[in-house]
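Undergrad: Residues per chain, in single letters:
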Amino acid sequence: MATLGPYHFSPYPTAVVEGVLTPPPGKGLLYNEIVDEEVAMREAAKQMLTRENPTIFVGPLIIYAWSDEAKENAKLVREMAEVLNAKIIPMVDYRPKYPKINPEVEINPNHPNLTIWHNNIKVCIFIGVHCHFANVALKIIRAETDCLTIAMCAKMGHEDAMITVRDQHPDDIRKFINIAKEVKKELGK
Amino acid sequence: MSFNIYKVNEELREFMPPEILELEEKATWGNPKRGVMDLPYAKELLEEHSLCAGCPESDAFRYILASLPNPEDTIIVNSTGCTSLVFPQIALHTVHSLFGNQNAVASGIKRVLEYRFPNKVKDVVVLAGDGATVDIGLDCTLQSFFRQEKITTICYDNEVYANTGGQESGLTVKGHVFKMAPKGKQWDKVPMWQLAIDSGCHYVVRMTVSSPRRVEQAVKKAIYVAREVGPTYIHLYTPCILEIGRNSDEGLEEMKLGDKERFSFFEYMTPQAEEVIKRKKEEGLI
Numbered sequence: 002m003a004t005l006g007p008y009h010f011s012p013y014p015t016a017v018v019e020g021v022l023t024p025p026p027g028k029g030l031l032y033n034e035i036v037d038e039e040v041a042m043r044e045a046a047k048q049m050l051t052r053e054n055p056t057i058f059v060g061p062l063i064i065y066a067w068s069d070e071a072k073e074n075a076k077l078v079r080e081m082a083e084v085l086n087a088k089i090i091p092m093v094d095y096r097p098k099y100p101k102i103n104p105e106v107e108i109n110p111n112h113p114n115l116t117i118w119h120n121n122i123k124v125c126i127f128i129g130v131h132c133h134f135a136n137v138a139l140k141i142i143r144a145e146t147d148c149l150t151i152a153m154c155a156k157m158g159h160e161d162a163m164i165t166v167r168d169q170h171p172d173d174i175r176k177f178i179n180i181a182k183e184v185k186k187e188l189g190k
Numbered sequence: 011m012s013f014n015i016y017k018v019n020e021e022l023r024e025f026m027p028p029e030i031l032e033l034e035e036k037a038t039w040g041n042p043k044r045g046v047m048d049l050p051y052a053k054e055l056l057e058e059h060s061l062c063a064g065c066p067e068s069d070a071f072r073y074i075l076a077s078l079p080n081p082e083d084t085i086i087v088n089s090t091g092c093t094s095l096v097f098p099q100i101a102l103h104t105v106h107s108l109f110g111n112q113n114a115v116a117s118g119i120k121r122v123l124e125y126r127f128p129n130k131v132k133d134v135v136v137l138a139g140d141g142a143t144v145d146i147g148l149d150c151t152l153q154s155f156f157r158q159e160k161i162t163t164i165c166y167d168n169e170v171y172a173n174t175g176g177q178e179s180g181l182t183v184k185g186h187v188f189k190m191a192p193k194g195k196q197w198d199k200v201p202m203w204q205l206a207i208d209s210g211c212h213y214v215v216r217m218t219v220s221s222p223r224r225v226e227q228a229v230k231k232a233i234y235v236a237r238e239v240g241p242t243y244i245h246l247y248t249p250c251i252l253e254i255g256r257n258s259d260e261g262l263e264e265m266k267l268g269d270k271e272r273f274s275f276f277e278y279m280t281p282q283a284e285e286v287i288k289r290k291k292e293e294g295l296i
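Each protein sequence line maps, in turn, to chains D and C.
Note that the numbering used here has the first sequence beginning at 2, numbered continuously upward.
Note that the numbering used here has the second sequence beginning at 11, numbered continuously upward.
Source of the hints: derived by calculation from the structure; they are not laboratory data.
You may find that some hints are simply not true.
[As the list claims (entries may be wrong)] Dumping the calculated PhoX-like pairs for lysine-lysine here, alpha-carbon to alpha-carbon at most 25 Å:
(1) D:K72 - C:K36
(2) D:K140 - D:K76
(3) C:K17 - D:K72
(4) D:K185 - D:K76
(5) C:K36 - D:K98
(6) D:K101 - C:K53
(7) C:K17 - D:K98
(8) D:K98 - C:K53
(9) D:K28 - D:K47
(10) D:K101 - C:K36
(11) D:K76 - C:K291
(12) C:K17 - D:K88
(13) D:K76 - D:K156
(14) C:K130 - C:K291
(15) C:K270 - D:K156
(16) D:K76 - D:K88
Using the sequences and the hints given, assemble the complete structure.
TA: This is the structure in structure tokens:
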């Protein structure tokens, strides 16, 4: 995470400013290093299994049954939550709710920090969120909270997440679940 | 667009906030006969709004959204103003354009949709205030009429720039005094409905939103005519009760007064529009 500046905000608005870029195909981003996808997945699983209040923030691309892949991914997200003992909090849409969202039951990309603060979430996975809103939310979380963010992206990944893997489709998510099961066993959980 | 985008995956249903499930289960999708009579029973497409208590614009929003014949395939283009506070909270595709260029943006969207989905009906509706439609955006508004773009333009006329403190607009009545127009307006109100007719609109209506059923009729007629013939224009009086010194429960009374005076119901249609409206009435859609 970025070092806080004199006014206790991150002096860097985005990870790109610090030279962090999205990983190339087949690779993952672990903090500011490009690593093999499996290494990133293993670290993501470890963080989810060891930090407080692990949560999966699932976005509209998986919440709604608009394609066969979305239906398959929804099942996998449930399985992932069980393996990681994680809570699921949906990002149902991107409308800025008035006066504010109920942070217990949902997260909104325009003020994701409310949900993270309210539930004391120290690690989270973003999955199924459209890239532009994931970018917004991850930047806010990066600057405003001490939550470790993991982005499982179906496209290029997100440099503003601390750990990101890209091109994630059902087979890749299944692979992550299997790795998580192994890590869980190793940790004796 | 697929209706499946409103269906929540079974595995994740238990985590959803209730209003999202209601949108799937109780909103009126896929029914062109939907209308204001559904309001007490169906889930509204407007979740909440951030307008002032008793604002007639919020009534207009509810009636218009309940009357769209094809909400799942309707794109709404809006502009800066009080109305823009509401759009993030409606469950439709909306585009917030720059102040005044809403009709230009809507024209582009309509053309692209016709190209991209030639076999589907996609309605494009502009919802903007009097500042966006008649002052800052008059050029774009009239040019879209001249070009015969197949879009529906709805103007919420509150006769003032309300959310910036009360400056006079082109639709302010001559002599009206507002907080930021202390001398009173020096010129006449722009007869926008007449400009719309002269600029080539095929269906034009001027009214208040005191009668929900009448708003429904106007919206449906305007959208059906825009689909087949050309541009249509609805001019709605939605007074800013704060700026004219009314209480929050007096909006309806103010509009009823408007019904008798300068906003008496006025409807214009070309012969082509009349033919479409007649056909739709026979089909039971209006």
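Undergrad: Next, verify each hint and record whether it holds.
TA: Right, here's what the structure says about each hint:
1. D:K72 - C:K36: holds (22 Å)
2. D:K140 - D:K76: violated (28 Å)
3. C:K17 - D:K72: It holds: about 11 Å lies between the C-alpha atoms, which stays within 25 Å.
4. D:K185 - D:K76: Holds, because 20 Å separates the two Cα atoms, which is no more than 25 Å.
5. C:K36 - D:K98: holds (20 Å)
6. D:K101 - C:K53: Given pair D:K101, C:K53 holds - Cα atoms ~20 Å apart, limit 25 Å.
7. C:K17 - D:K98: Holds, because 21 Å separates the two Cα atoms, which is no more than 25 Å.
8. D:K98 - C:K53: holds (17 Å)
9. D:K28 - D:K47: holds (18 Å)
10. D:K101 - C:K36: holds (23 Å)
11. D:K76 - C:K291: violated (47 Å)
12. C:K17 - D:K88: Roughly 22 Å between the alpha carbons, so the hint for C:K17 and D:K88 holds.
13. D:K76 - D:K156: holds (20 Å)
14. C:K130 - C:K291: Satisfied, since the Cα-Cα distance of roughly 22 Å is no more than 25 Å.
15. C:K270 - D:K156: violated (59 Å)
16. D:K76 - D:K88: Roughly 15 Å between the alpha carbons, so the hint for D:K76 and D:K88 holds.
In the structure shown, a violation is registered for the earlier hints numbered 2, 11, 15, in ascending order.
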